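Student: As a plain string of letters, each chain reads:
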Amino acid sequence: MTAPDDGTPAPGAVGLRHLLSTEHLRRDQADALLATAENMEQALTGRAVRKLPTLRGRTIVTLFYENSTRTRVSFEVAGKWMSADTINVSASGSSVGKGESLRDTAATLAAAGADAVVVRHPASGAPHRIAGWLDGVGHSHTDGHVAVVNAGDGTHEHPTQALLDAATLRKRLGPDLAGRRVAIVGDVLHSRVARSNAHLLATLGAEVTLVSPPTLLPIGVDAWPVAVTHDLDTHLATGPDAVMMLRVQAERMHGGFFPSAREYAVRFGLSQRRADTLPDHAVVLHPGPAVRGMEIASAVADSDRAAIAEQVTAGVHVRMAVLYHLLAGEDVA
Amino acid sequence: MKTLIRNVRPYGEDATDLVVEDGLLVRDGTDPDETVDADGLVALPGLVDLHTHLREPGGEEAETVATGSAAAALGGYTAVFAMPNTNPTQDSPVVVEHVWRRGREVGLVDVHPVGAVTVGLGGEKLAEMGMMAASPAAVRMFSDDGRCVNDPLIMRRALEYARSLDALVAQHAEDHRLTVGAQAHEGPVAARLGLTGWPATAEESIVARDAMLAAAAGARLHVCHLSTAGSVGVLRWARETLDARPGFALSAEVTPHHLLLTDTAAEGYDPVHKVNPPLRPEADTLALRRALADGEIDCVATDHAPHAVEAKDCEWSVARPGMLGLQTALPVVALTMVRTGLLDWRGVARVTSEAPARIAGLPDQGRPLAVGEPANLTLVDPEATWTVRGAELASIAENTPYEGTDLPLSVVHTMLRGRWTVRDGKVAPREQ
Numbered sequence: 001m002t003a004p005d006d007g008t009p010a011p012g013a014v015g016l017r018h019l020l021s022t023e024h025l026r027r028d029q030a031d032a033l034l035a036t037a038e039n040m041e042q043a044l045t046g047r048a049v050r051k052l053p054t055l056r057g058r059t060i061v062t063l064f065y066e067n068s069t070r071t072r073v074s075f076e077v078a079g080k081w082m083s084a085d086t087i088n089v090s091a092s093g094s095s096v097g098k099g100e101s102l103r104d105t106a107a108t109l110a111a112a113g114a115d116a117v118v119v120r121h122p123a124s125g126a127p128h129r130i131a132g133w134l135d136g137v138g139h140s141h142t143d144g145h146v147a148v149v150n151a152g153d154g155t156h157e158h159p160t161q162a163l164l165d166a167a168t169l170r171k172r173l174g175p176d177l178a179g180r181r182v183a184i185v186g187d188v189l190h191s192r193v194a195r196s197n198a199h200l201l202a203t204l205g206a207e208v209t210l211v212s213p214p215t216l217l218p219i220g221v222d223a224w225p226v227a228v229t230h231d232l233d234t235h236l237a238t239g240p241d242a243v244m245m246l247r248v249q250a251e252r253m254h255g256g257f258f259p260s261a262r263e264y265a266v267r268f269g270l271s272q273r274r275a276d277t278l279p280d281h282a283v284v285l286h287p288g289p290a291v292r293g294m295e296i297a298s299a300v301a302d303s304d305r306a307a308i309a310e311q312v313t314a315g316v317h318v319r320m321a322v323l324y325h326l327l328a329g330e331d332v333a
Numbered sequence: 001m002k003t004l005i006r007n008v009r010p011y012g013e014d015a016t017d018l019v020v021e022d023g024l025l026v027r028d029g030t031d032p033d034e035t036v037d038a039d040g041l042v043a044l045p046g047l048v049d050l051h052t053h054l055r056e057p058g059g060e061e062a063e064t065v066a067t068g069s070a071a072a073a074l075g076g077y078t079a080v081f082a083m084p085n086t087n088p089t090q091d092s093p094v095v096v097e098h099v100w101r102r103g104r105e106v107g108l109v110d111v112h113p114v115g116a117v118t119v120g121l122g123g124e125k126l127a128e129m130g131m132m133a134a135s136p137a138a139v140r141m142f143s144d145d146g147r148c149v150n151d152p153l154i155m156r157r158a159l160e161y162a163r164s165l166d167a168l169v170a171q172h173a174e175d176h177r178l179t180v181g182a183q184a185h186e187g188p189v190a191a192r193l194g195l196t197g198w199p200a201t202a203e204e205s206i207v208a209r210d211a212m213l214a215a216a217a218g219a220r221l222h223v224c225h226l227s228t229a230g231s232v233g234v235l236r237w238a239r240e241t242l243d244a245r246p247g248f249a250l251s252a253e254v255t256p257h258h259l260l261l262t263d264t265a266a267e268g269y270d271p272v273h274k275v276n277p278p279l280r281p282e283a284d285t286l287a288l289r290r291a292l293a294d295g296e297i298d299c300v301a302t303d304h305a306p307h308a309v310e311a312k313d314c315e316w317s318v319a320r321p322g323m324l325g326l327q328t329a330l331p332v333v334a335l336t337m338v339r340t341g342l343l344d345w346r347g348v349a350r351v352t353s354e355a356p357a358r359i360a361g362l363p364d365q366g367r368p369l370a371v372g373e374p375a376n377l378t379l380v381d382p383e384a385t386w387t388v389r390g391a392e393l394a395s396i397a398e399n400t401p402y403e404g405t406d407l408p409l410s411v412v413h414t415m416l417r418g419r420w421t422v423r424d425g426k427v428a429p430r431e432q
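One line per chain: the protein sequences are A and B, in this order.
Residue 87 in my numbering is what sits at position 87 of the first sequence, and the numbering runs on without skipping anything.
Residue 195 in my numbering is what sits at position 195 of the second sequence, and the numbering runs on without skipping anything.
So here's chain A without its partners, still in its complex pose (with noise of 0.2 Å):
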């Protein structure tokens, strides 16, 4: 086996199996992959060619029901720094009366041989659906295992992503969350990025502020391990440590759930002048594609407060971390 540098934990000390969510995410495992995120990188670092051999021989699959281009080419990129083969499929629709049905899909990836499956999906639990239908058949050639990374499934979770934002917050705030003040400011209903967050961001001690008006938020969010405000000045008056800034996607701002988007960018816009209230250290970060001007003032988006292109950064570091972890093993040369 080659470690890709010392310091980082085993592949298999971890003990995933798959990367379904954040929720059920330990403490000891969100660490550690977040720690081997950070050896990536300094692996990497100085690099003539940025190549590991570390997963020489194994396929990962990228399976996309939905478009998305930043986080297909990070998972890709990841895969092919750590020298493996890496394979897109593209599909689209449901499962029904539109062809393959998805259980088939997995099964012929399985069967040829695929070794990880990165799932995204319109449909929240897809992934999960995966595992459990490749759980029973196991048709990988190396160990009979193939592992599946949710890469966002519906309204549900999207956990690559939240590892990359508390990869990103690490480096601007300190390697320990305990106690930061983290706002995520939008479309809570609808984000997989928020609920992951949420969760993964509870799990390394922070303390989540979601700030949202209520329409936009999930009936039974108070039982997440946060606190709730729908006042976004009253909350940045509090000297957030880091905001995070959500989409708000197109068709909901024809859906009724908020009367225009002036209002929204007026009530839940990070304005400069909301951005300059903000305390000198806290970041600012956006998961992208960013609504510029509603979202965010295009001003504070290329801010130096603004993470927005170092967590697409980070996000390939991650990535490698997740697969290293999932993918390598004893029989890896």
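Hints may be right or wrong, so weigh each one.
Covered stretches of chain A, going by a simulated chain B footprint (3 or more residues, C-beta under 8 Å) [what the hints assert, rightly or not]:
#1 26-39
#2 100-114
#3 214-222
To give a feel for the contact side, a few chain B residues facing chain A, derived at Cβ under 10 Å [claimed, not checked]:
#4 V119
#5 Q183
#6 E186
#7 G187
#8 A190
#9 A191
#10 G194
#11 T196
#12 A266
#13 G268
#14 Y269
#15 D270
#16 D313
#17 W316
#18 V318
A partial selection of chain A residues facing chain B, derived with a Cβ cut-off under 10 Å [as the list claims (entries may be wrong)]:
#19 Q42
#20 T45
#21 G46
#22 H121
#23 A123
#24 G125
#25 H128
#26 R129
#27 W133
#28 L189
#29 H190
#30 R195
#31 A202
In case anyone wonders, no lab produced these hints; they're calculated from the structure.
Everything numeric in this text was worked out from a predicted model, so none of it was measured.
Backbone N, C-alpha and C define an ideal beta-carbon position, used for all residues, glycine too.
Starting from the known structure of chain A, fit chain B onto it as the hints suggest.
Tutor: Just chain B now, with coordinates in the frame of chain A:
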């Protein structure tokens, strides 16, 4: 033909003999042609299900009148009402007559087709209710089940029109404007799982609205698969306070799965637990049990909904809602109502047979176990335990949420008008 059933306990009470001759319960047990030892078995009037999906015509990959009738008989039923969301829809005399005739040919259970309220369940144009009522199927219950008659004007007209036919309208209470894309009960579980919520108010507001419309029309309203504690409160309010025209009647059913299962079943995203209305939190299940025991909810109905494997072995959000129910209904009632002390066997007879027969206006079902009455009987072993296996149920589909679960009570024998339809837990072939 005279049958002597020895040492049976009617309604779970003292053991006695029941004698059946020419389709009736009689007094004289001498010289029987057949003697059945029913030691330890409880006798109930044959069960009546106001809410079954037999899927024929159009959905024969999941169920047929023949297989659904077998499941009904094995579940202890002697009469079932077949919901109209078939293909073609049961919205015309020819389709309801077809289903009724298929039921008669199979002969294991009385099959009463339910007529659609609106053409194609479209919610816009009243179906030919009068012609369905006048057909040989003699339809007396109308429903767009699966869809709510959402338009209040159409619902008002349906109630007024049904009144003139001495028929009732069974409403699937769901304000579809409040359940766009809904996948699971709106609450903490759905919020965490990222499933669009189905709010309790979508049901409760329709129950309140329809009760008011029915009271004003002097019509008979039956609420299908009532699922929330709030709906029970609305029923109570309607019965106590509405100023009704003569003829007003309000009844409600609850499904076995809403008495037992809760919204946490969605964890893991296996759509075998997806059903409409959705499984609710435990507080609702407990309120529904109490309401059934108190008579605020009149009866148990299965909402037996077979689905082919492809409709369930998929993503949660694309799966069809519904679960098998006919063969597990009485065991679940025993588990949730009898073992908890909420109902005795008299109470079970009331909610599974007498009340539904009365609501639907069936003269020869849900009758007392008494001399001179029709011999529609269900004999059950209340001490038995069995393990549910979808593949072993009589339905073509296997979508039971109780797969691998141990349930109490087994149905041992079922008799329809003096003829065994089930003997020793097996469908009894019809004698020629």
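Student: Each hint should be assessed against the structure and marked as holding or not.
Tutor: Going down the list of hints, with the structure as the test:
no.: 1; hint: 26-39; verdict: violated (count 0)
no.: 2; hint: 100-114; verdict: holds (count 3)
no.: 3; hint: 214-222; verdict: holds (count 5)
no.: 4; hint: V119; verdict: violated (24 Å)
no.: 5; hint: Q183; verdict: holds (8 Å)
no.: 6; hint: E186; verdict: holds (5 Å)
no.: 7; hint: G187; verdict: holds (5 Å)
no.: 8; hint: A190; verdict: holds (7 Å)
no.: 9; hint: A191; verdict: holds (3 Å)
no.: 10; hint: G194; verdict: holds (3 Å)
no.: 11; hint: T196; verdict: holds (8 Å)
no.: 12; hint: A266; verdict: holds (8 Å)
no.: 13; hint: G268; verdict: holds (6 Å)
no.: 14; hint: Y269; verdict: holds (3 Å)
no.: 15; hint: D270; verdict: holds (8 Å)
no.: 16; hint: D313; verdict: holds (6 Å)
no.: 17; hint: W316; verdict: holds (5 Å)
no.: 18; hint: V318; verdict: holds (5 Å)
no.: 19; hint: Q42; verdict: violated (35 Å)
no.: 20; hint: T45; verdict: violated (37 Å)
no.: 21; hint: G46; verdict: violated (41 Å)
no.: 22; hint: H121; verdict: holds (7 Å)
no.: 23; hint: A123; verdict: holds (4 Å)
no.: 24; hint: G125; verdict: holds (3 Å)
no.: 25; hint: H128; verdict: holds (5 Å)
no.: 26; hint: R129; verdict: holds (6 Å)
no.: 27; hint: W133; verdict: holds (8 Å)
no.: 28; hint: L189; verdict: holds (9 Å)
no.: 29; hint: H190; verdict: holds (9 Å)
no.: 30; hint: R195; verdict: holds (6 Å)
no.: 31; hint: A202; verdict: violated (13 Å)
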